[in-house]
Amino acid sequence: MPRSRPIVPLDGGFVRPEWSLDTSFLAGLSPAQDADGHLVTDGSGRTSEPGLHAAGDTASPGPQQLIVAAGAGAHTAAVLIHDTVGITTAH
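For the sequence shown, the UniProt record's numbering assigns the number 1 to the initial residue and increments by one for each residue that follows.
Certain hints may be false.
DEER-style ranges, computed between Cβ atoms [said to hold, decoys possible]:
#, residue 1, residue 2, range
1, Pro9, Ala78, 43 to 53 Å
2, Thr84, Pro9, 52 to 62 Å
3, Ser20, Thr89, 18 to 28 Å
4, Gly86, Gln65, 30 to 40 Å
5, Asp42, Leu21, 42 to 52 Å
6, Asp57, Ala78, 12 to 22 Å
7, Glu49, Val8, 45 to 55 Å
8, Asp22, Ile87, 48 to 58 Å
9, Thr88, Gly13, 46 to 56 Å
10, Pro9, Asp57, 29 to 39 Å
11, Ser4, Ala35, 33 to 43 Å
12, Leu26, Thr89, 55 to 65 Å
13, Phe14, Ala35, 22 to 32 Å
14, Leu29, Pro63, 19 to 29 Å
No lab work stands behind these hints: they were computed from the structure. The C-beta atom is built at its ideal place from N, Cα and C for all residues, glycine as well.
Starting from the given sequences, assemble the full structure and let the hints guide the process.
What follows is the structure, given as structure tokens:
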């Protein structure tokens, strides 16, 4: 079977997936977003929209390693709980 594309010899390569961020669930809200559409947060996951917190792929800088995103999510969840019940912490 003839090939329609040339073969390029390589010793290695990298694959970078293309991400598509869907923020349609934010309809009616206007949180600050970066140039790529990710939600801008403070160091604790708070956005510019009161009561809206973000972490992981939705938050700037965007897609991260799973363990980094999970850690950010855990930290943001703790901050959200503290904010909800009125606990002031160093977060």
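query = So which of those numbered hints doesn't the model satisfy?
reply = 3, 5, 8 and 12
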